[in-house]
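Participant: If you follow the hints, you should be able to join the two separate chains into one complex; please do so.
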Amino acid sequence: NEENIFEDGGQQLFKVEEQGCSRLCSHSSTSDGTSEDMVVLQLPYIIKFCKAHGVSKENEFGKGKSNDELKEMLLVADYLTIKDTLDYLAETLANRIKNKSVEYIRKFFGIENNFMPEEKEATRKEYELLRLLI
Amino acid sequence: MSFRSIVRDVRDGFGSLSRRSFEVRLPGHHGRGKSHGSVHELHDQPVVIQNSRWAGLPPELLRDVIKRLEASESTWPARKHVVACAAVCRSWREMCKEIVRNPEFSGKITFPVSLKQPGPRDGTIQCFIKRDKSNLTYHLFLCLSPALLVENGKFLLSAKRTRRTTCTEYVISMDADNISRSSSTYIGKLRSNFLGTKFIIYDTQPPYNSAQLSPPGRSRRFYSKKVSPKVPTGSYNIAQVSYELNVLGTRGPRRMHCTMHSIPASALEPGGSVPGQAELNPRSLEDSLRSFSKSIDVSTEFSSSRFSDIVGPRDEEDEGKDRPLILRNKAPRWHEQLQCWCLNFRGRVTVASVKNFQLIAATQPAAGAPTPSQPPPPPPSDHDKIILQFGKVGKDMFTMDYRYPLSAFQAFAICLSSFDTKLACE
Chain A
308 NEENIFEDGG QQLFKVEEQG CSRLCSHSST SDGTSEDMVV LQLPYIIKFC
358 KAHGVSKENE FGKGKSNDEL KEMLLVADYL TIKDTLDYLA ETLANRIKNK
408 SVEYIRKFFG IENNFMPEEK EATRKEYELL RLLI
Chain B
53 MSFRSIVRDV RDGFGSLSRR SFEVRLPGHH GRGKSHGSVH ELHDQPVVIQ
103 NSRWAGLPPE LLRDVIKRLE ASESTWPARK HVVACAAVCR SWREMCKEIV
153 RNPEFSGKIT FPVSLKQPGP RDGTIQCFIK RDKSNLTYHL FLCLSPALLV
203 ENGKFLLSAK RTRRTTCTEY VISMDADNIS RSSSTYIGKL RSNFLGTKFI
253 IYDTQPPYNS AQLSPPGRSR RFYSKKVSPK VPTGSYNIAQ VSYELNVLGT
303 RGPRRMHCTM HSIPASALEP GGSVPGQAEL NPRSLEDSLR SFSKSIDVST
353 EFSSSRFSDI VGPRDEEDEG KDRPLILRNK APRWHEQLQC WCLNFRGRVT
403 VASVKNFQLI AATQPAAGAP TPSQPPPPPP SDHDKIILQF GKVGKDMFTM
453 DYRYPLSAFQ AFAICLSSFD TKLACE
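Residue numbers (our numbering), protein chains in the order written: chain A, 308 to 441; chain B, 53 to 478.
In isolation and in its complexed conformation, chain B is listed as follows (with noise of 0.2 Å):
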């Protein structure tokens, strides 16, 4: 495609454009003096143009062009351009994709995607929690400032709790208003036993490890792909949020542990990453947020066995390699001139309240006891971060800072079991 058929479309849309002779010197291997218009052999290929209208950019224009939208809006309400170019065509999605990158790395929140994928190794992305005690509703929101009380945010995701008979459900969507487990905007849910002190979480979106998540031995019903008419959509069982009283009993804050069955320990190795993560080209919002359905049973969700089975030790080949995470809450200390419990939330919890928590990685023991002249070695420096923190910072204000390998979507329903558990505090 040469520059002339392209020059001829232009000049039928606008033919105001004067044209002008200029003299041409180029030194060098070119030599000097005038260039006359006699054409030249071209060795190379000219630049292709679309060819619809030549309106087209070329892909590297275009890389670049997106690339230089991308730097400069970081932030939302600005990011939403970023977006906005995603869902131009094909092509432009492919080129979105390969620049923006995962919060992981990036820290940002940028695609719906963004919301189940891993928050960043460096530093924490802020958000917070407005609770509606008159809708049973928790809306989640991107801090846009650093300030704690200021309601500045951009929407994330939305919790709706219903109690039933046996249990208490929360549907978590990515719509601010319409909550429902039948809307395409259906994410996810958290269930609690009766007595709150167990919860699992639901992923619409089967994780890496789908076809191990069943504990060995489990009726066959598990694997049914009998669609519920009540359930539409897949119900994947990702974590596990379990709360005992510490051994002070209600004297003493109580003990929480997550165990995440779609993030392997190894995910905090160094070198390590969280496998099978969400993909960014929808063929509808379903698709992309959620599987095949699967029948869920209630009744034997929570019966003691059935717990055991999916906490305890697993086959041979999962031990090591691809056993969960484990998450606990860093214990407070006692202070003893405050008479309290405290954890150090670093400013951005400002309220006491039972339901503050931070987690870290939960170090498994070695897999040889260590010889009496060895210590045990140091867990990697990654155990020591604090993964999610959540508090208490107005009436119905919370915040909550989440890293990896927890995404936004499973640190959202981590903290809304701690609204719900009934284990309380002296």
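If we strip away everything but chain A, and leave its shape as in the complex, we get (with noise of 0.2 Å):
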């Protein structure tokens, strides 16, 4: 199987998977920039931060990130299977919500309360009750 490994200005930069070559290659953008796709918006950040630091847990890309960026660029990571990326900006957020109540993880997300109204009450008694501590 040939690895299919994304060059920019000579420097290899990341792999992608089979299925993000496609995309990839679909979503490029043209000389003037009129594409509308997100992956140009986003795939530029990545190829930076390649370019300076390659992918690794340690340097803190993420950090300066604010959520929506970071959410999009685990989009992008994803749709285009660019694998070590994608673990790294998934623990980003994973730490991102850790601290964080009930309410701060929907708004973070854009996710509604479904649960029905007996559901709601016990799973957030439920969360109160987990809460004692000595």
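Derived from the structure by calculation, the hints contain no laboratory data. Please note that a few of the clues may not be correct.
Listed next, with one range per pair, are the computed distances between beta-carbon atoms [what the hints assert, rightly or not]:
#, chain 1, residue 1, chain 2, residue 2, range
1, A, PRO424, B, CYS392, 42 to 50 Å
2, A, ASN374, B, ALA123, 20 to 28 Å
3, B, SER232, A, MET423, 21 to 29 Å
4, A, ASN406, B, SER232, 31 to 39 Å
The beta-carbon is built from N, C-alpha and C at its ideal position, and this holds for glycine as well.
Facilitator: In structure tokens form, the structure reads like this:
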């Protein structure tokens, strides 16, 4: 199996899975940048990141990014099947929601609380009970 | 759903990101050279994004994020964030259900339902109990540090003792402060007979064999679905604890037997398990912890015939397959030099007390009598394990270590009986 390695300016940046290849090709920009795709918006950051640092957990590339930017990159990395970047971004995202309340998490992801009323009460109570500590 | 509509939403939100052009070189079958802006036909589906706002993650990404969170938050208090994830919405709850493993396999307590699920097969869950004599309350905590007398724990369950004319009762609750049967946090109780020699553990949830828990010939009233106004939640007899003097009378340690009606003896066999375990999805907190109501008649509870009905031999079909697990206390050894009875608590119990005990499985005799030339087969190794250990470490502090197949709730209730029994030892 040939490996599909994304290069820019002669430098190898990251590996892309089979699925990502065709997607990448189809969404590449033209020189006048008229493509509307989100890939175009975020890929430059990924490229820049990989160029300068290489993908690793030690660097804090994700740190300066807003939550929305982080989410976007995550979606792009997933869509283009760039595994290393995806792992790193998923880890960063997990750390971002780690110490937050239920309401924060919902807001962060734009999720509606779709429990039935009695389930809502039950889950709320469940969470409340488990905050009791000596 | 394509990226284009999503991008439109994004750009409405923030349009400050600049676009850049770049060259793409992909070796391999895509060939070298620039790729231009023409749209190629996609042979596969683009990633499906939630419709409302693009902010939702695809399920597999979400699973990855939650898995990482669960793995990193393994101890309390951080573990509450896993519980938070399960409260976000339905799909998140489903995801958490799949990712968070039962205490039986993970050794971790996560959701309230963990308290009614069997403990770990490997190792024990270490807890401590704080007694408050002025309030007649007991609080069970998960140990968060190995030091015995440091009160660093995560609250699990509470109990409050009430003395009645014919019996003593302990109400068990998931709330540290509101310990009452009328609360939605009420999960069961322990009731003793007048002498404090026999105890029954009641669970608000029905066990897997609820239909069989009444001995044959019992009156219809036991199956009544009438709701007693004083007892709004269900009450299932899931276990019995009995205390007896040993053959040495009060000069020796007392004997303890626990008949676990909700746990079959087969649970300790290789490949065995505890059937009918509590589920994680409550319609309401009450529903998840109770069943339809039954009325219980105290006066007939402890009559001797009733007791033997439950403990004695059962129907043909019950034998073997479903016979309940019976636990007994490990006999201490007499230490001639120290002139006392000794059990090896492995450092988890430091104050001598008649209340201290270790429970192991009481092995049943083989179905047929072994022939003289063949020694009876040794019991499976699981039967050697100490399933519940309880003992004093300070004035009002006790440790409780439990493992599969007992749950935290059952273990706590059994320990409470040890506080109450009047049988002493000289």
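Participant: Should the hint that ASN374 of chain A and ALA123 of chain B are 20 to 28 Å apart at their CB atoms be regarded as holding?
Facilitator: Given range 20 to 28 Å: holds, Cβ gap about 22 Å.
Participant: Between the beta carbons of PRO424 of chain A and CYS392 of chain B, is the distance compatible with 42 to 50 Å?
Facilitator: For PRO424 of chain A and CYS392 of chain B the Cβ distance comes to about 59 Å; the hint is violated.
Participant: Go ahead and decide if the range 31 to 39 Å is satisfied by the Cβ distance of ASN406 of chain A to SER232 of chain B.
Facilitator: 33 Å, holds
Participant: Range first: 21 to 29 Å. Now tell me if the beta carbons of SER232 of chain B and MET423 of chain A are that far apart.
Facilitator: About 26 Å separates the Cβ atoms of SER232 of chain B and MET423 of chain A, which means 21 to 29 Å holds.
Comparing the model with each numbered hint stated earlier shows that hint 1 is the single one that does not hold.
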